[in-house]
Amino acid sequence: QSVLTQPPSVSGAPGQGVTISCTGSRSNIGAGYDVHWYQQLPGTAPKVLIFANTRRPSGVPDRFFGSKSGTSASLAITGLQAEDEADYYCQSYDSNLSGSVFGGGTKVTVL
Amino acid sequence: QVQLVESGGGVVQPGRSLRLACAASGFTLSRYGMFWVRQAPGKGLEWVALMWYDGNHKYYGDSVKGRFTISRDNSKNTLYLQMNSLRAEDTAIYYCAKNAVATGTTDWLDPWGQGTLVTVSS
Chain S
1 QSVLTQPPSV SGAPGQGVTI SCTGSRSNIG AGYDVHWYQQ LPGTAPKVLI
51 FANTRRPSGV PDRFFGSKSG TSASLAITGL QAEDEADYYC QSYDSNLSGS
101 VFGGGTKVTV L
Chain C
1 QVQLVESGGG VVQPGRSLRL ACAASGFTLS RYGMFWVRQA PGKGLEWVAL
51 MWYDGNHKYY GDSVKGRFTI SRDNSKNTLY LQMNSLRAED TAIYYCAKNA
101 VATGTTDWLD PWGQGTLVTV SS
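These protein sequences, in sequence, are chains S and C. Just so you know, we're using the working numbering here: the first sequence kicks off at 1 and counts up by one. Just so you know, we're using the working numbering here: the second sequence kicks off at 1 and counts up by one.
Chain C on its own, in the form it takes in the complex:
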């Protein structure tokens, strides 16, 4: 059964860092494009980061570019999101999601994890 489980969320002060993890099971992470998508309280979905299946291409939304880094550990089949210089506006539920089609990056996202809440507040 294909499943994604996020962890690492919590309350953090502005300017500090946090690393989120997304443990994948039922498939091999390195065969799929993987996404981080966030949702601020009461707001819509916002694409945050994308890593191609080959691990060599990484892209970021404008609001996080230069502050967030997507990576993965193939041996642990786990995706990460390193978040630095956090701001109040980064407060959101962070979801990881898998590109539905192997080696693709333009397809639908399925499945999604349950999400992990990040709150940036002093």
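Pulled out of the complex, with its shape left as it was, chain S reads as follows:
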């Protein structure tokens, strides 16, 4: 059981939008620690998609949006494309564990 909770899967048609939630607690997201999002394509290592809640690294399309409120965060993908099919993970820091915590991952399927 992951410390951060994500839906196992979401899906949408090309061009549509999807949102992935990430729910934590008062020792991680709720304590003010930033949330980061990673995209993992099959057979590859995770790559940062959104960092510090809302910021996109250079090269990440502006179709990806991050937000955070209270003990939760969300990743929104607009204008779905086939290349967006991947697993997405949220990550934060937990003061009780003195280490990182991850969500269980969400598989995005483009119908």
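Hints were generated in silico from the structure; no laboratory data involved. Keep in mind the model is a prediction, meaning the values are calculated, not measured. Take these hints with a grain of salt, some might be off.
If you want the ones that stay clear, here's a sample from chain C, every Cβ over 10 Å from chain S, calculated [what the hints assert, rightly or not]:
no., residue
1, GLY55
2, GLY61
3, GLU89
Derived pair list, reagent style DSBU-like, types lysine-lysine, alpha-carbon separation capped at 35 Å [claimed, not checked]:
no., chain 1, residue 1, chain 2, residue 2
4, C, LYS43, C, LYS58
5, S, LYS47, C, LYS58
6, C, LYS76, S, LYS107
Stretch-level coverage of chain C by chain S, calculated; a stretch enters the list once three of its residues show a Cβ under 8 Å from a Cβ in chain S [to be verified]:
no., region
7, 100-110
8, 113-121
C-beta: ideal position from N, C-alpha, C; glycine also.
Starting from the known structure of chain S, fit chain C onto it as the hints suggest.
Just chain C now, with coordinates in the frame of chain S:
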């Protein structure tokens, strides 16, 4: 170019030990918090261990505490994960990753290595 390359994975029997290495290039290991993260087959990411940039603070996930040890060799700019008393449930791809911000430990992880597969089986 900042890069991490893991090595040392393989097949090991339950109860035995294995040491993973993560060779860093393009940056100085001792200026950054460094992580080990694993991913069991078909499963999600699990934080395993963290070493602060100063080398004096080390933290572990509950599932490996007391069995795994994170360390580094500054002269080789290499991070290690000593894994003892291995169990079948330790079977996973093990990634090393760098805290993106120097001297920090709560930031995003970037980059990640390519991973090394550890299989614990008799």
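Does the no-contact call for GLU89 (chain C) survive, Cβ to all of chain S over 10 Å?
holds (14 Å)
Using C-beta distances, would you say chain S covers the region 100-110 of chain C, given that this needs three or more residues below 8 Å?
holds (count 7)
Verify this label for me: GLY55 (chain C) is non-interface relative to chain S, using a Cβ-Cβ cutoff of 10 Å.
Since the minimum Cβ distance to chain S is about 15 Å, GLY55 (chain C) lies beyond 10 Å and the statement holds.
Please verify whether LYS47 (chain S) and LYS58 (chain C) have alpha carbons no more than 35 Å apart.
holds (24 Å)
Would you assess whether GLY61 (chain C), listed as outside the interface, keeps its beta-carbon beyond 10 Å of every beta-carbon in chain S?
violated (7 Å)
Between LYS76 (chain C) and LYS107 (chain S), is the straight-line Cα distance small enough, at 35 Å or below?
Status violated; Cα separation ~38 Å.
So if I understand the rule, the pair passes when the alpha-carbon distance is 35 Å or less; does LYS43 (chain C) with LYS58 (chain C) pass?
holds (25 Å)
Can you confirm whether chain S covers the region 113-121 of chain C, using C-beta to C-beta distances below 8 Å and requiring at least three such residues?
Since 3 is at least three, the answer is holds.
In terms of the numbered hints stated before, the structure departs from hints 2, 6, listed from lowest to highest.
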